[in-house]
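One-letter residues, chain by chain:
Number of protein chains: 2
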Amino acid sequence: MSTSMAPSEQHVGLIIREREPVNLEYPFDQLDTFLTPNDLFYIRSHFKAPVLDRHEYKLTIGGAVGKPFTISYEELLAMPSVTRPATLECAGNGRIFLVPQVKGAQWQLGGISTAEWTGVPLSALLERAGLDANACEVLFEAADKGTPKEEPVPPGETPYARSISVEKIADVVIAYAMNGEEIPVDHGFPLRVVVPGHYGMASVKWLTNIRVLTEPYKGYWQTSDYGYWAYDENRNPMRLALGQMQVKSAIARPRTREFIPAGSTYNVYGAAWGGEPYIETVELSTDDGKTWRPVRFLDEPQYGAWRRWEFEWAVPADKGTYVLKSRATDPKGTTQPEQHDKMNGTYVIHHTFGIEVVVR
Amino acid sequence: MSTSMAPSEQHVGLIIREREPVNLEYPFDQLDTFLTPNDLFYIRSHFKAPVLDRHEYKLTIGGAVGKPFTISYEELLAMPSVTRPATLECAGNGRIFLVPQVKGAQWQLGGISTAEWTGVPLSALLERAGLDANACEVLFEAADKGTPKEEPVPPGETPYARSISVEKIADVVIAYAMNGEEIPVDHGFPLRVVVPGHYGMASVKWLTNIRVLTEPYKGYWQTSDYGYWAYDENRNPMRLALGQMQVKSAIARPRTREFIPAGSTYNVYGAAWGGEPYIETVELSTDDGKTWRPVRFLDEPQYGAWRRWEFEWAVPADKGTYVLKSRATDPKGTTQPEQHDKMNGTYVIHHTFGIEVVVR
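Chains as they are written, first to last, in the working numbering: chain E, 21 to 380; chain W, 21 to 380.
Treat the hints as calculated values from the structure; they're not laboratory data. Just to be clear, a hint being listed does not mean it is correct.
Note that the list lumps identical chains together, so a pair holds whenever it fits in one copy or between two copies.
[To be verified] In silico DSS-like cross-links for lysine-lysine, where the CA-CA straight-line distance does not exceed 25 Å:
1. Lys123 <-> Lys169
2. Lys352 <-> Lys310
3. Lys78 <-> Lys188
4. Lys362 <-> Lys165
5. Lys78 <-> Lys68
6. Lys87 <-> Lys310
These numbers were taken from a predicted model, which means no experiment stands behind them.
Please build the complete structure, drawing on both the sequences and the hints.
In structure tokens:
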């Protein structure tokens, strides 16, 4: 039983951010392939992973629909499927860079990974059920539950659940395979919702119910937790649910304080993601943001997936400390900010920051 | 200047729950008249009271309306007015009875008072502005602001603001007088919204803007603070804004541990409020809830106002400790619960509880 093993035995090579429930980080400095191998894919859990039986498992589709129904795991596997890549990033990825330190798992760079997901389009299930005319959101309910951490906390156990707007339905896959393999327990076996373009909290693991709503959802996981503040026109802060991944890039190599030979050629390597509808440009600075030059992309742009990039750095002959920064921009001109926006609290950490290296 | 005086000099006879900002409790054991004198009316403040100038003051009415406008204090005074009583109860009244102790001002019984309010009906102002067809809520914005206490807390200063549903408009008075006097600074001079039937947090003090909204408001004061949890049909907790005062009664006299002569006649005295649309019955128990008998009301029922009541207790000749309890019920049969509902957090404390007295 994989779930009874300690994370260190089970997930060799992942960085431990929390042992129980398991919160493990992809070693981002090893970024190489477009798809992250399943055993290196980051794991974000709120509670102990539920172990669901494939034979007894049922998914229910209900709420504001004409014909609610229940479907077994085997029946889902027999439906027409789609396969598509999606990059999932934990909304708290990069939290360790916030000063002073904030609460929550201290993700550095690797609270992000990309997989190719195979499953049934959400739209196929909802077409069969028939959406009511006043449907406004689709709620995904999961089998994991427990006492959550962010105030205000409801009494008793709170099951995990997240909603999306009906406008987002077309993008969503109810996935049963991850990189061609059955979804591992820690990644949501038997079924994981995959919401391309949204932070990972939207891609609900251990899915049990799909429920169509006629009013915006106000559950714990999009009010107390996974929310942010935005000002209305009179500068009153409003509490909104996190969704869309914001424009971001990160340098996988070199690593902080890495020694680099003076006068050599160094292949700076990284990835960029988020943006509407994808990342169009990434620029690199080797002088702490004074000057910027474009990188070379290794992947074509596509919605909801990262683009790896590289940059041949002609390392100066002058020895000393250099600060490298990357900066991504989408086709609308939205670019990474220079500072963390406090309205995002301990989430959406996507500002540019320097990687200090030592040329010697 | 009244606001520069210490609460103890300024508000003789009120119980201090917090000195700054001033949070002062009505001495409920002195309950006597239907209307609470202004100088004994409880005070709930989140921040220092703003001191607004009557000549420079302007109220704006805007948002989803056809003809937004601004009106001065003098112009409001010249409009046709209404006068009506309303009982305001702090949503945290009775918090001191929660075990273990919770955070927040430790109100006992007197976070409640009743006044007669004179002002302009909200409906008159909104008729002049003309509500858009898709109006759904009316937001009241105030001049007081600061850093609030309940997590999650937005960055910077948060102004006080609360909304009501458009269905509630007909009840609301934009009040400039309290028991026939100009509204005191600590009660919201120059204008206080009065929302009969709702907890006090809805009756916004120091009102500056009335803004009509086309979507439910998600501001700090009805999400992080002044919210509660309710289960949806699948037992997922949803975060909702507090509103309607719940069915409640309280015993003003005797007080806890009061000595009462054996064999005497004691006039038990109290009040009841909340309920839809008013309190229909109050029962008293002198044996810790084993048996109940109806009380005699001193006030007629009316929406949004308390009803005082009394009960002639034939005190037993048997000396000892007796536990008195009161229990209110509305015409729909909704009655006070026996336990605090944890879904209400540190608010809506309206369960029955015993007052222990000593007969000797």
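Consistency of the hints with the structure:
1. Lys123 <-> Lys169: both (10 Å within a copy, 17 Å between copies)
2. Lys352 <-> Lys310: Classified as within: same-chain Cα gap 23 Å, cross-chain 71 Å, threshold 25 Å.
3. Lys78 <-> Lys188: within (24 Å within a copy, 43 Å between copies)
4. Lys362 <-> Lys165: Answer is between: at 18 Å across copies they meet the 25 Å cutoff, but 29 Å inside does not.
5. Lys78 <-> Lys68: Within one copy only: 20 Å inside, 56 Å across.
6. Lys87 <-> Lys310: Intra 60 Å, inter 50 Å, cutoff 25 Å: neither.
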